[in-house]
Amino acid sequence: MGNILKEITNSATALAKGFSITFKTMLRPTVTENYPHQPPTFEDRYRGLHVLRRDENGLEKCVACFLCAAACPSNCIYIEAAENTAAHRISAAERYAKVYNIDYNRCIFCGYCVEACPCDAITHGHGFEISAYDTNALIYRKEQLLEPLPASAKK
Amino acid sequence: MAVTLEKIPGQEERVILSMGPQHPSTHGVLRLVLELEGETVVRALFDIGYLHTGFEKSFEALTYSQGITLTDRMDYLAPLSNNLGFCLAIEKLLGLEVPPRAQWTRVLLTELTRIQSHLVWLGTHALELGAMSVFLYCFREREDILRIFELVSGQRMMTSYFRVGGLALEPPLGWLRRVEKFVEMFPPRLEEYEGLLTRNPIWLKRTVGVGHISTEDAVALSLSGPSLRASGVKWDIRKAEPYSSYDKFQFNVPTRPEGDVYARYLVRMDEMRESLKIVRQAMEGMPGGPIKANAPHFVLPDRESMKTSIEALIYHFKLVTEGFHPPVGEVYQTIESPRGEIGFYIVSDGSPKPYRCHVRAPSFANLQTLLKIVEGHLLADVVACIASLDTVLGEVDR
Amino acid sequence: MAEPIKLSIDGKPVTVPPGTLLIEAAKQVGIEVPSFCYYPGLSLQGACRMCLVAIEKMPKLQTACTTVVTNGMVVHTDTPEVANTRKSMLEFLLTNHPLDCPVCDKGGECELQDAVFRYGAAETRFLEGKLHEEEKKFSNLVYYDRPRCILCFRCIRVCDEGMDVNAYGIGFRAAHSEIIPNRGEQLECEECGMCIDICPVGALTSGTYRYKTRPWEVTYTGTICNHCGDGCRTTLSVRNNVVIRANNRDHSGLNGEFLCVKGRFGWDFVNSERRLKSPLLRKNGKQEEASWEEALTFTVERLKTILAEHGPGAVAVIGSNRTTNEEDYLLQRFARTVLGTNDIDHHRTADFSSLVRALTEAGATDRYATIEDISAAKSLLLIGNDPTHQHPLIAYQIRQAVRQHGARLYIVNSREIKLRRQSSQYLQVKPQGEAEAVRALAGQAPAAQDLCAGGTGALTALADALKKESDTVILFGDEIQGQTVNDLVTCGLTLPGKTRFVALGDYANSRGAADMGLLPDTLPGYQPLSNEKARERMESAWAAKIPAAPGRNIRSIFEGIRAGEIKALLVFGANPVKTFGLDNAALTGLQLLFVAELFRTETAELANVVVPAASFAEKSGTVTNTCGEVQALKRTMRQAGTRSDLEILLALARLFGQRWTYQSPEDVLREIIALVPGYDIPLPSLLVGRAVPTHPEGRPPALERPDLVFSSRDSLFTSGTLSRYSWALNSVDEAKKPYGHAF
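Protein chains in written order, with numbering that gives the first Met the number 0: chain B, 0 to 154; chain V, 0 to 397; chain G, 0 to 742.
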């Protein structure tokens with residue numbers, strides 16, 4: 000008989016303690032983010048979708064050195080290089096990336112490409128909404144990855 | 000070949016039940032084949048390999064530094080611990096001395112990893128035994144730790160932050176304040192979890208005396224980590240074979256003699272407190288200095304000199320495109336991950352890619368005790384047993 | 000034999016022949032001594048100072064590349080002093096080196112990068128600015144970047160000593176020193192690109208590989224160059240089914256690092272936009288694209304009709320000088336057994352048949368010279384031909400023989416060929432006088448007084464000199480043919496030692512075409528059709544009848560077409576309209592002209608059916624070089640729409656109801672090894688990339704008429720029809736210069 004009483008008391012105490020904790024939590028401010036209705040927050044270093052940078056003159060920083068492709072553990076970067084000419088100048092150095100594709104089916108966002116880039120041309124942006132119904136759409140081309148021309152460099 | 004249990008003649012009334020691989024409480028894609036008499040498990044077998052990724056083979060195709068990204072994904076609940084084990088193994092092979100600041104940062108981050116891993120364990124464990132709130136609270140606190148990881152490395156989970164010879168990036172200014180905030184906030188929260196569970200009669204009924212592993216069995220089945228310590232063995236790599244300056248930190252190794260699910264729960268709860276102690280010490284005693292070893296043949300030069308000096312540029316180019324050439328030899332390095340002893344065995348043939356890399360995964364070794372402990376228990380207790388071992392299937396099926 | 004020298008390097012005992020350089024001795028025991036200017040085979044320079052080593056009892060460090068080993072020498076390459084010196088030398092070499100690795104084509108396979116990574120410092124101590132010079136374009140194929148140059152002079156030496164072109168020199172002084180070309184701002188040379196290949200840094204880079212890719216991004220396949228008859232091994236770098244570069248990357252095979260302009264740059268016809276990608280079928284007088292099935296069915300139907308109406312004598316086949324042995328073998332099997340005609344021939348560029356017959360009759364079939372024999376020869380007799388243009392590798396090996404071990408070169412030629420600079424006796428004869436000179440040398444007929452400028456005395460002097468030589472290698476071009484070959488062999492075999500012979504034919508598989516019996520009167524392996532035993536052997540192997548009467552040769556085939564006797568002509572990989580200067584009316588009498596080609600050539604334009612063939616990069620098989628060495632081609636890529644001649648032949652045979660069981664070129668090769676005399680070559684050697692010599696033996700019929708054998712006289716920049724479709728070969732100014740222009 001005493002055992003049952005003890006059990007009831009114990010259960011009641013545990014219940015009271017438990018509920019006190021959950022009730023306390025109810026009064027705390029919420030910590031969840033209201034995505035997708037509000038944009039999520041990121042730390043500065045967040046490794047999201049890549050952005051190919053331009054220099055102050057609006058020229059592409061990438062010189063198609065292929066270091067990012069070499070550093071990539073998942074082989075997701077495909078580059079074709081070409082030579083700049085006076086009439087058709089894309090980057091500040093002798094060569095530029097004619098084709099620069101990142102296959103986001105494969106990319107693991109490890110940041111090795113950014114670490115490898117000697118020109119600070121490839122960086123991680125904060126983009127993350129890349130889901131697609133078609134895997135082909137996940138192969139991003141240079142045009143999708145490049146940052147827009149700065150207003151000052153527009154002709 | 001799928002694993003099956005043959006019925007024993009004369010005992011046809013027993014039910015053979017396949018649990019998993021899509022069962023939510025198997026923590027991944029573990030498949031159990033159970034022979035039940037009524038609700039009691041008579042025999043059990045498991046079927047692993049549903050998450051086979053070929054990590055160990057993949058290591059052979061990637062350079063040493065590229066291999067770090069694989070370790071993240073093996074035990075996805077403790078990426079930094081795995082990063083650390085792999086890096087330490089390579090550093091041992093190369094004979095590299097890592098600067099104190101990098102070591103302290105590594106300790107701090109791996110202890111935070113331990114806490115967040117244990118939080119996932121606690122949350123899911125409680126959820127599977129019916130306590131939903133604990134799950135939500137644990138994930139709330141875990142998120143704080145993941146944000147610290149994101150702050151430092153850029154990713155919440157797949158951090159790839161440790162590099163051979165140190166760290167990938169200088170940690171951002173003011174990051175320790177974020178850690179401090181967490182350290183101050185966390186102990187009362189830990190009390191709350193305990194308040195919800197430790198004396199809760201339902202919790203006690205589901206865990207006390209369930210899934211008992213004797214000390215002898217635990218040792219014989221090479222159990223490691225908190226599960227081993229809950230069977231009364233005081234064995235912790237951080238104390239036994241200190242690495243990354245763990246010998247310079249003060250902490251206790253909590254043990255329990257009972258060896259049941261409840262004991263494993265208590266040990267992990269205590270471990271979180273101890274980890275917090277280590278984090279606090281690392282934070283307060285954080286030395287100054289570089290974050291990378293001075294070993295140009297293995298460690299990327301800093302970005303400033305890479306852009307201004309041709310020598311550094313050549314080193315950068317060669318390290319990125321080709322990788323470094325370690326001496327020929329083999330090395331084994333083990334560390335204490337949240338799940339137990341994780342060991343990396345690397346054979347080098349002198350080329351920039353490992354000739355072989357084997358991982359002694361704690362989840363894999365710990366899982367074999369499961370068959371022993373579920374026998375004779377109720378079907379519902381199988382869930383508690385699986386959860387209390389805290390396995391990650393990504394690590395089991397490397 | 001002199002006593003070997005014993006010394007010790009880093010404590011390891013080494014035994015080497017006297018005269019060995021220290022750097023080579025170290026290499027023998029696996030000790031690497033870094034160096035830039037040292038290059039095996041080139042003269043010593045001692046310019047880069049990277050190879051400094053410590054030698055006991057010598058006060059200062061010594062350059063290992065110029066020090067000859069002596070007995071008891073004790074050498075250390077692992078002392079801190081040596082390590083520091085290497086570090087300092089690299090620092091010095093990098094003082095003005097720009098931060099170009101990301102844009103430099105050499106990045107990833109650069110000897111300087113490797114040396115810095117292994118021996119150099121990781122940080123610079125210089126704060127000063129670097130001297131800068133703009134990049135210079137020496138030609139469309141060669142670019143020079145002064146700041147990257149480390150002045151090792153390898154390019155200067157290889158151009159002078161290896162190529163005998165001397166297109167480079169050193170200009171200006173001190174920090175402003177640079178490599179300068181021979182003509183103002185431009186190179187005027189053979190454009191062989193050896194300087195690019197040999198450059199340890201990215202100073203000299205290729206105009207065709209420029210900024211295309213990275214060495215780790217491409218797949219490398221070793222195969223054989225398809226231009227001249229020397230059979231150079233080359234590595235094709237392929238990315239995305241496009242050939243990007245050719246260089247003999249592993250320096251293997253009979254050519255080492257050597258490739259000429261055609262080998263190094265002239266492969267780009269493979270990528271040409273003008274390649275045929277679909278079969279063409281003439282409908283209503285116009286060639287229109289058709290499917291493979293349509294084209295082949297049409298051909299076979301038309302052939303069957305002609306065969307039924309006019310008999311097998313109305314069908315003739317012309318083979319190629321470039322297709323593989325397997326394809327040539329199958330082609331003649333197809334002609335002889337399926338079509339039932341011996342009217343099969345090809346453009347013969349050297350009289351291989353006569354050489355085989357002469358050597359067989361003399362019982363000296365071990366006297367075929369290999370490329371290696373040429374470079375190792377002590378004495379060489381070159382009659383006719385101009386190897387500098389027609390056989391760049393053989394010319395290179397002749398120069399090597401002369402320069403490396405003082406071989407004597409004797410030349411009989413009616414033209415002032417460039418190799419005369421290396422000759423010890425050069426006998427210039429009157430035009431077409433080579434054969435007369437050979438007959439005179441052989442004592443068959445006295446020489447006319449006006450044969451050579453110096454009178455007959457020079458000829459006697461040559462004969463006397465040759466009698467004093469031993470182990471002479473005799474090379475002859477198309478000038479010597481028929482009976483004269485016999486005279487030459489007879490006379491050559493009387494010379495002291497083991498005289499060897501090479502007939503110099505034009506294209507990649509001229510020799511193979513003759514070996515495989517693309518001849519009207521000869522079966523594979525130079526067995527005459529009249530030899531019943533040989534014929535029966537083939538008949539039983541093929542389970543088919545071979546017509547016994549010899550067929551028409553290529554000239555008679557054209558006459559037969561004109562006379563209306565031949566109604567159908569099948570052409571595989573040849574352009575007879577251009578090669579034989581046929582006029583437009585020559586082929587109009589045909590009811591069927593079937594052409595398998597890469598491009599729409601003059602012959603293809605006249606055809607009823609044109610099918611797109613695969614190029615050498617797109618097929619496997621074997622080719623035999625002009626010395627009779629067999630080497631394997633390896634498929635490196637695919638070209639959509641094309642089929643190899645082998646596949647085309649198999650498809651035609653299938654449509655004729657034949658049950659040929661070949662699955663791959665290897666199956667055909669196995670049959671060749673089993674059936675063709677002289678071709679019993681070990682397959683494994685072939686597969687690992689070796690050149691396997693053959694020793695054909697047979698008595699083919701004598702040459703019917705003198706105008707069957709003639710060389711195309713290709714220059715360095717032409718290669719029959721193919722060179723037309725190469726951007727690189729046409730882009731260099733030198734290609735526009737008249738043939739025979741020496742640099």
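Some hints here could point you the wrong way.
To be verified - Quick list of in silico lysine-lysine cross-link-like pairs, BS3-like style, CA-CA up to 30 Å:
1. K303(G) - K306(V)
2. K5(B) - K204(V)
3. K56(G) - K97(B)
4. K544(G) - K303(G)
5. K544(G) - K136(G)
6. K371(V) - K23(B)
7. K466(G) - K377(G)
8. K180(V) - K276(V)
9. K60(B) - K306(V)
10. K352(V) - K129(G)
11. K16(B) - K180(V)
If you are wondering where the hints come from, they were derived from the structure by calculation, not from laboratory data. What you are looking at is a predicted structure, and each value in this text was computed from that prediction instead of being measured.
Q.
Hint compliance check: list the failing hint numbers for this structure, sorted ascending.
A. 1, 3, 5, 6 and 10
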